[in-house]
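Heads up: the protein sequence lines correspond to chains L and U, in order.
At position 6 of the first sequence (counting the first as 1) the number is 6 in my numbering, and the numbers step up by one without a gap.
Position in the second sequence (from 1) plus 1000 gives the number in my numbering.
Since the hints were made in silico from the structure, they are not lab data.
Check before you lean on any hint, since a few could be wrong.
[Said to hold, decoys possible] Some but not every residue of chain L turned toward chain U, in silico, with C-beta under 7 Å:
no.: 1; residue: 33
no.: 2; residue: 43
no.: 3; residue: 68
no.: 4; residue: 88
no.: 5; residue: 103
no.: 6; residue: 106
no.: 7; residue: 108
no.: 8; residue: 114
Even for Gly, the Cβ is constructed at its ideal location relative to N, Cα and C.
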Amino acid sequence: AQKITQTQPGMFVQEKEAVTLDCTYDTSDPSYGLFWYKQPSSGEMIFLIYQGSYDQQNATEGRYSLNFQKARKSANLVISASQLGDSAMYFCAMREIYSSASKIIFGSGTRLSIRP
Amino acid sequence: NAGVTQTPKFQVLKTGQSMTLQCAQDMNHEYMSWYRQDPGMGLRLIHYSVGAGITDQGEVPNGYNVSRSTTEDFPLRLLSAAPSQTSVYFCASRQQGKLFFGSGTQLSVL
């Protein structure tokens, strides 16, 4: 069954440090996609990065990169040089391409707080 | 460019009342979905639709109905509201895997 797990309810990081947010997943679908979304205190959902299961390289978008380890079924988000504006909730999500009618499910989220 | 529009933004109901949360998108996306967000539980999928006339249940469908008569609209109905349905509700459409979210509806059921 499709499942996403985020084991870090909250994290505190010093400004300018790198931070890794953990995400593990479970699926029997050979083709799937993994996403990260950011939700600041304003409540909007902001798309950050996407990784396809057959992509050969880890996805990167500016300061965001996705550390994709397929054998371990993990898709950790790495934020380099953290900024105060990175303080937010972060959600990992997954879409199974062939099964589950391609619905997207989310993990429980990690609240990231950046200290000045 | 409106994107995904949800109404209302806030709503207070009494137990047993019914209401419809509206969701409309102007991007011609076939896929639309409803999520609820509760503290510590992330976003949970309520119902989704892969096109007009087609709907299916997500992770937490009980207490909610949906219909999809047009590509643009995907309303979520609460037939008899319960306090357990107090939550923030997000509508989202999808294109090429990426979700586009509405701004959310904060619903309180007393």
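task: Taking the numbered hints from earlier one at a time, note which ones the structure violates and give those numbers from smallest to largest.
output: Violated hints: 3, 4, 8; rest satisfied.
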